[in-house]
Amino acid sequence: MINTKTAITILWFTLTCVICFGSFVLKNQVHDLELELSKINLNIQKDVKTIHVLKAEWSHLNNPSRLKKLAAEHISLNKMRAEQIINYSALPFEYENGRTDQIMTAGVDHKEYKKLVKAER
Amino acid sequence: MLGVSLSGKNNNFYFPGQNADSAGIDVLFKESQDAEAVHVCRQRMLLSIAAFLLIYFIIAFRVIHVCLVNGIQIHTPGDESAESEIYAGTPISRADIVDRNGAIIATSLPTVNLYANPKNVRNPESIAQKLTHLFPEIGYNDLMTKLTRKRTSFSMIKYNLSPAQQAAVNNLGIPALEFQKSEKRVYPHKNLFAHILGYTNIDNLGLGGLEKSLHKRLTESSKPLQLSIDMGIQDTIREELVSAVEEFQAVGASAILMDVNTGEIVAMVSVPDYDPNLSIPVGDRALFNFATQGVYEAGSVFKTFNTALGLESGKVKFNDKFDATKPIKVQGITVSDYRGENRWLSVGEILIYSSNIGSVQLISRVGKEAQRQFLINLGFNEQLSDFEVFEKGRPLFPSQKKWRDDTMATVSYGYGLSITPLHLISAFSALVNGGIYHYPTILKSDTPKHPARRVISERTSEQMRKLLRDVVVQGSAKNANIPGYQVIGKTGTANKLTNGRYVDKKVMTSFVSAFPQTNPKYALLVVLDEPKGNKKTWGFVTSGWNAVPVGGRIISQIAPQLDIQADFDLDIQRRHVKAAFIH
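Top to bottom, those sequences are chains A and B.
According to the working numbering, the residues represented by the first sequence are 1448 to 1568, in order.
According to the working numbering, the residues represented by the second sequence are 5 to 587, in order.
The reader is advised that the hints may include incorrect statements.
To be verified - Pairs of lysine to aspartate or glutamate residues, derived as EDC-like cross-links and limited to a Cα-Cα distance of at most 16 Å, are as follows:
# : chain 1 : residue 1 : chain 2 : residue 2
1 : A       : Lys1516   : B       : Asp239
2 : A       : Lys1516   : B       : Glu243
3 : B       : Lys162    : B       : Glu187
4 : A       : Lys1515   : B       : Asp239
5 : A       : Lys1526   : B       : Glu243
6 : A       : Lys1526   : B       : Asp239
7 : A       : Lys1526   : B       : Asp567
Honestly, the hints are just simulated from the structure, not real lab data.
Take these sequences, add in the hints, and give me the full structure.
Right under this line is the structure:
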C-alpha cells in the first residue's frame, strides 16, 4: 500500500515531469513563434522597402509638368481662373441644399437656364 | 523507501507537509536543543513560504498589469515617439525631403555596390570578360586593374547597381564578387528644386543647397524634412520663368514667392538650372542660385523703402510735393529722371513715375543716418546666414564712413547698395504686411527661429499699400493689374555694372509685388537678368515690359491655387456666371 510520503513523492515527481514537459513544449512553441516573427519582420522590411521605392515612383509620376501634359491630352481640365470662384449669392437663385443638380442641368442648355432664373425669381 | 532514506537520523531535511511532531521524528527531538532546532526550521519554512508567496504575487500582479492595464499601446497620430518608431523602419539612412503638402521631392533608394575581393580572385581575365559584358562602360583594362590589386581584400567595381544588374551579377556565380548595401539620392522632380535642394556625392554627402546645410539633420533623424515650398506653385513659376528667359533672351531669371505673414518661402526658382540626378558638368550660371546668391543693385524698387522711411519718419507727409522739374546735383553727381515728368510730384507720383529726383529730395529731408539705420533694420547689411539654403550672397552695404550724401542719394533710388532677391522680398514683405519683419525661412515650422520685429508702423504700411496700388493701376506696373486680386507692387530697372561702368543696354529688371492690397498674403519678386527688347516690347528693356507681365501671368495663375478669393463684386460675379453658362 502506498503511504502518504510515497504519494507525495510521486506527486512531486509527476508534477516535475509535467512541468518539464510543459516547459519543453512551451519553449518549442516560442521558438517556432520566434522563427515566424523573424520571417514576418523580414517580410515587413521587404514591404517597407518596396513601399518606399513605390513612394519615390509615385512622386516621380506626380510631377506637375507631367500631370499637366497628361491632363491636356486626356481630360478637359484647365487651370482655374479667378472668375470661376463665386459666392452663392451670385447665383441667379437662392441656394438651397439639394439644388446643385438643377444648377448643373441648367448649364446644359441656355434656354433652360433662362427658364430656371425666371421661375426662381 | 525514498522518504525514509532521505529522512534518516541527524538529517534536518523535511518534506513539505511533513510534521515535525509525527511519531517517527518525535524520538529525535526529545532533548531541548532539538526542540529549538525545530523552531528554527519552522521559522525558515515560514520565511521561505512568505518569500515564494511574495514572488508569486509579484508575478501575478505583473501578469495582470501586462494583460489588462498596460496591454496594447495605441499610438495617437502626432505622437512624437510613435512617429520616430514608424520612421525607424525606413530602409534608408538619409531622410526624405517633402514639400509643404507632404509630396516627396528628395528621397534615397536602397541599392547595392559591387566590389571584388582580389584575394579570392582565381581567374581575373574570365571575370573581367564577364563583367565587361554586363557593364560595358567600365572597360576591360580597368576591371583587370581592380581585380588584380594586391594586399587588399576590397576593390570597388561599381556603385549603385539596379536590382536587375544585381541579379545578373549573382547569376555569374563568382565567389570573389560581393555586394555592399548602399543608397542613392534621387530627385523625382529633376530641375524643379535644383537650387533649393542641392545635391549629394556618391557617398551621400551633401554638396550644395539644403543637402549640404542640413546634412546633419538629414542623417541623424529619419523623419522627413518638411519645407514650406509648394510643388505646384513652384512648377507654375518655373514654367513662366523658363518661357520668359526664352521670350526676352535673358541670361537668367529668378523669382521668390513669400508668405508675408510668416516669412515662409512658398516658391523659389532660379533659371537656368540643372538636373541634380545627373552628374554631368553644367555651366557656372546653372549652378548659381540667383535668388539667394545674386547680389545686385535693385534700382527703382528701392524707392519703396525710401518712401516708407520718409512717411515713417514723420518728416514727409502723405500729400507733400517735391520739385522734380530739373536734375539735381548731390556731391558731384547729377541725378536725373528716366523719361521724367519735369514737374512737381507728390509722394505717390514719385513712385508712380519712378522719379529719381523726387526720391533724392525726399530722403534729403530724412537724412543719411536715419536712412542707414532703417536699411539695417530691414536686414540689408547682413548675410541672412540662418536662412537654410547653403548658398547665400553677402550684401554690399557701404560702411558708416563711406555713407556720404552721394551714397544717400544713390541708395534712395537703388544704386550704390547691392542685395540679393531674398533680402529684397523679405524687406518688402515687412513693408506691406503691417510693418513686421519676418526672417525668411524655407522650412515649415510652427515656431520661428527668429522673433519677428516691427520696422514701420501699421499706418505707414497701409499708406504704402495704397501708394503701391497706384503704381499698378496707373504707373509702370499696369501689366500686372490682374482683375480681382488688387495687386500692389513696384518696378525697378537697374543698369548692370560691367568693368566699373554702367552699361545702358545691360539691365537687371525687377518687379516686386504683393496681393491682395487690403490684406496681403503673398509677396512675389521677379528678377530678369539682361532681358533683351523685342518686337512685342517695342525694343524697350525696362521692367514694365518684361518682369511685370511675367509677374502678372504668375499671379493670375497662382492666386486661385493659393486659395485667395478674387474681390469681384456681385454684379461682376453674376456676369461671370452667365458667361460660363452661355459658354
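Outcome of the hint check:
1. Lys1516/A x Asp239/B: 13 Å, holds
2. Lys1516/A x Glu243/B: Distance of about 13 Å is within 16 Å: holds.
3. Lys162/B x Glu187/B: Cα-Cα ~13 Å, so holds.
4. Lys1515/A x Asp239/B: 10 Å, holds
5. Lys1526/A x Glu243/B: Distance of about 14 Å is within 16 Å: holds.
6. Lys1526/A x Asp239/B: Holds. Lys1526/A to Asp239/B sits at ~13 Å (cutoff 16 Å).
7. Lys1526/A x Asp567/B: OK: Lys1526/A and Asp567/B at ~13 Å, within 16 Å.
When each numbered hint is compared with the structure, no violation occurs for any of them.
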